[in-house]
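> Now for the letters of each chain:
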Amino acid sequence: MLLWIILLTPLISFALISLLYLKRPACAACISIGTAVINAGLTVYAVAEGAINRAPTISGLSEGVMNHAPTAEGTMNRTPVITWLSVGDLHIEIGLLWDHLSQLMLLIVTCVGALIHIYSWGYMRGDPGKGRYFAFLSLFMFSMLGIVLAGNFVMMFIFWELVGLSSYLLIGFWFEKPNAVEAGKKAFIVNRIGDFGFMLGIILVWHIWGTVDFQALASNAGQLLSQHQTSDYFWIPLRLVALLLFCGAVGKSAQFPLHVWLPDAMEGPTPVSALIHAATMVAAGVYMLCRIFFLLSLSSTALTVIAWTGGITALLAALWAIAQDDIKRILACSTLSQLGYMVMAVGLMGPVPAMFHLSTHAFFKALLFLAAGSVIVALHHEQNIWRMGGLRSRMPWTCGALIVGLAALCGIPFFSGALSKDEILMLALRENKPLFAIAACTAFLTAFYMGRLFMVVFLGDARGEEAGRARENGPVMLIPLCILALCSVSWVWPTTLIDESLKFIGGFQRVHTSAGIHFLLVLIPFMGLAAAFGMYRNQRVDVLATLAPRLRNLLASRFCFDELYAAWVQRIQGAGAECLRLVDEWIVDRLCVKGVSLVILCSGNAFRCFQTGNLQTYVILLGFGLVGLIYWVLFR
Amino acid sequence: MIPLHHYLLVSAGLFILGIAGVLLRRNALIIYMSLEMILNASNLALVAFSRYNGDLNGQIFVFFIIAVAAAEVAVGLAIIVALFRLKQTTRVSDLTTLKL
Numbered sequence: 020m021l022l023w024i025i026l027l028t029p030l031i032s033f034a035l036i037s038l039l040y041l042k043r044p045a046c047a048a049c050i051s052i053g054t055a056v057i058n059a060g061l062t063v064y065a066v067a068e069g070a071i072n073r074a075p076t077i078s079g080l081s082e083g084v085m086n087h088a089p090t091a092e093g094t095m096n097r098t099p100v101i102t103w104l105s106v107g108d109l110h111i112e113i114g115l116l117w118d119h120l121s122q123l124m125l126l127i128v129t130c131v132g133a134l135i136h137i138y139s140w141g142y143m144r145g146d147p148g149k150g151r152y153f154a155f156l157s158l159f160m161f162s163m164l165g166i167v168l169a170g171n172f173v174m175m176f177i178f179w180e181l182v183g184l185s186s187y188l189l190i191g192f193w194f195e196k197p198n199a200v201e202a203g204k205k206a207f208i209v210n211r212i213g214d215f216g217f218m219l220g221i222i223l224v225w226h227i228w229g230t231v232d233f234q235a236l237a238s239n240a241g242q243l244l245s246q247h248q249t250s251d252y253f254w255i256p257l258r259l260v261a262l263l264l265f266c267g268a269v270g271k272s273a274q275f276p277l278h279v280w281l282p283d284a285m286e287g288p289t290p291v292s293a294l295i296h297a298a299t300m301v302a303a304g305v306y307m308l309c310r311i312f313f314l315l316s317l318s319s320t321a322l323t324v325i326a327w328t329g330g331i332t333a334l335l336a337a338l339w340a341i342a343q344d345d346i347k348r349i350l351a352c353s354t355l356s357q358l359g360y361m362v363m364a365v366g367l368m369g370p371v372p373a374m375f376h377l378s379t380h381a382f383f384k385a386l387l388f389l390a391a392g393s394v395i396v397a398l399h400h401e402q403n404i405w406r407m408g409g410l411r412s413r414m415p416w417t418c419g420a421l422i423v424g425l426a427a428l429c430g431i432p433f434f435s436g437a438l439s440k441d442e443i444l445m446l447a448l449r450e451n452k453p454l455f456a457i458a459a460c461t462a463f464l465t466a467f468y469m470g471r472l473f474m475v476v477f478l479g480d481a482r483g484e485e486a487g488r489a490r491e492n493g494p495v496m497l498i499p500l501c502i503l504a505l506c507s508v509s510w511v512w513p514t515t516l517i518d519e520s521l522k523f524i525g526g527f528q529r530v531h532t533s534a535g536i537h538f539l540l541v542l543i544p545f546m547g548l549a550a551a552f553g554m555y556r557n558q559r560v561d562v563l564a565t566l567a568p569r570l571r572n573l574l575a576s577r578f579c580f581d582e583l584y585a586a587w588v589q590r591i592q593g594a595g596a597e598c599l600r601l602v603d604e605w606i607v608d609r610l611c612v613k614g615v616s617l618v619i620l621c622s623g624n625a626f627r628c629f630q631t632g633n634l635q636t637y638v639i640l641l642g643f644g645l646v647g648l649i650y651w652v653l654f655r
Numbered sequence: 517m518i519p520l521h522h523y524l525l526v527s528a529g530l531f532i533l534g535i536a537g538v539l540l541r542r543n544a545l546i547i548y549m550s551l552e553m554i555l556n557a558s559n560l561a562l563v564a565f566s567r568y569n570g571d572l573n574g575q576i577f578v579f580f581i582i583a584v585a586a587a588e589v590a591v592g593l594a595i596i597v598a599l600f601r602l603k604q605t606t607r608v609s610d611l612t613t614l615k616l
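The listed protein sequences correspond, in order, to chains A and B. Numbering-wise, this note's numbering puts 490 at position 471 of the first sequence, and it's gapless, one number per residue. Numbering-wise, this note's numbering puts 526 at position 10 of the second sequence, and it's gapless, one number per residue.
You may find that some hints are simply not true.
Stated by the list, open to error - Here are a few chain B residues that sit away from chain A, every Cβ distance over 12 Å (derived from the structure): (1) Leu-539; (2) Ile-581; (3) Glu-588; (4) Thr-612; (5) Thr-613.
Said to hold, decoys possible - Restraint-style ranges between C-beta atoms, simulated for each label pair: (6) Ile-546/B with Val-652/A: 29 to 39 Å; (7) Val-563/B with Trp-651/A: 47 to 57 Å; (8) Leu-524/B with Val-652/A: 38 to 48 Å.
Stated by the list, open to error - Residues from chain B shown here face chain A by an in silico Cβ test under 8 Å; the list is partial: (9) Val-538; (10) Ser-558; (11) Leu-611.
These are calculated hints, taken from the structure and not from any lab test. These numbers were taken from a predicted model, which means no experiment stands behind them. No residue lacks a Cβ here, since even glycine has one placed at the ideal position from N, Cα and C.
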């Protein structure tokens, strides 16, 4: 019952605001923020209660081998279930799932969500669309909680689309800006590509296992598989299913081929970027991968593809981040890169480190975005880092918060990022050496571009008029920053949390490596920061542009993926569309539609001759018809 | 004893006369009478077959046909009267309202 309340309150808030309070932003904000805070409280209560009652662990598998050990009743707690759809042997139930994985994710979503709701109050002050903003934010919270709590694939897919919708609405929130509208459309369309694969994957899952319920699948995916192995349609390779499901995550978590929407999504308000495009929605892809890890682990090919996709995304995005000038785009590329880490961890058989990094990342990346938002507000929506500078003394709190977030992101010891990132790096070292090299490079680059950002924005002299007049923001924006900063320090994340509570997939052993590797992992971020310090200290223009202008342009355009895709759409798809248009115009329109109507028209005209209105003509015709019929019946 | 084919020839003659009447006459009343003639031609054939085969099924048929024809006459004549009241004519060539 509590879970249903947690799920449905944001929906009620959305309905209330959009029906009654759109014109009264203060009321709308109060409702939305209140709901978010209450939800966070309820979630903490529910999780704490579950922890006291020793919530059962999810059914498990260790090291990719299915073991059906904990499949007893109540391995996943489910709230009362409503059968929503029953077609043939497909039964879709609206049921909520309550295990360690969803608990963890729910905590992240509601806590970060509540803080960002509060922050939005300050960020959106004076915006004419404030009521609409909070309505959409509530809608997003509802959809996101739906994904987290969904008990089966179909329900998850429904909410999956809903977060896509709310993301679209919020990216295009300032719809008078053409860029924002374009970015919203781009995000929506690119996500659709991934979602299409996800949908095909869901259909195949149902086809192979006959159910879409996570619990049923988790407990006996292997058994059902062996039953079906003899049947006729077991020609669908498992890796296809796993990769199609992964497509959904590629779209939502903006992985390599479909990453293009995330940097553009920064056109939305900064709290939205923090909540949706850094902390929660883009992490939903990783969450989904962890949720269905038992399926992915059935195919080692799929896992390899996943790991390499993540690794490539991580490295490329970190490279792009070096040359971006927009503060939010730097952070967006960084998000891409960190998501790549998580996906890579999943691919390396480590959903536990992936989820752990997701948790820490949600907090410190939200912190970074909110700090960036604070800077942006203070500079009256100036986002170019080269027109900032010298903000350290003018905005000490924001600066402090950003330093904490930066340290966590780079993985400096005693900050949360170090725990989870090192976990992933050590996993990579054990499983796949090339990927470890990529991940280590990425870690170095991460420290480098974050060092650049800090150096350019906060140190040196003010390079713009706005930067010279910047003032620190009010407490409504600083308090969430401080709380998030607290959550980015490592002692908030006790190692027991990793060892005990995060064993939701079961049987995961923490990787232990030698002291030398540890030393290297600690050293990497410092090397990156030092390099950035050497390069960007007291620079007034981008030093990379003078050193290697062509490299910089290539990186700044993010390897021209946008242009490549645009060319693809215009040339290849455009030509295909032109062919289809011709087919439509000549074959469908002219031949089928107009041809059929012409035949009917002509035959109608011919048959009109028979209708004289004279009774006796009809009788003759009837007689001939009858004779013909009799002849046909008797003599054929 | 008159052989069967005589009856059948008379019946066929009546039938052809009836058909010709239905097709060629212009007056609805005459057409109606011709229609009755077609029915009676079939009655005659049925009775003839009944006698020839020595069972009464055909005659029972005939009774039914006569009963139905009587009912039909009542309805049909009423229609023709109503038609005449409406149009002041019983010529079928004038009654072409079936054509739009």
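> Hints the structure violates: just list their numbers, smallest first.
1, 4, 5, 7, 8, 10
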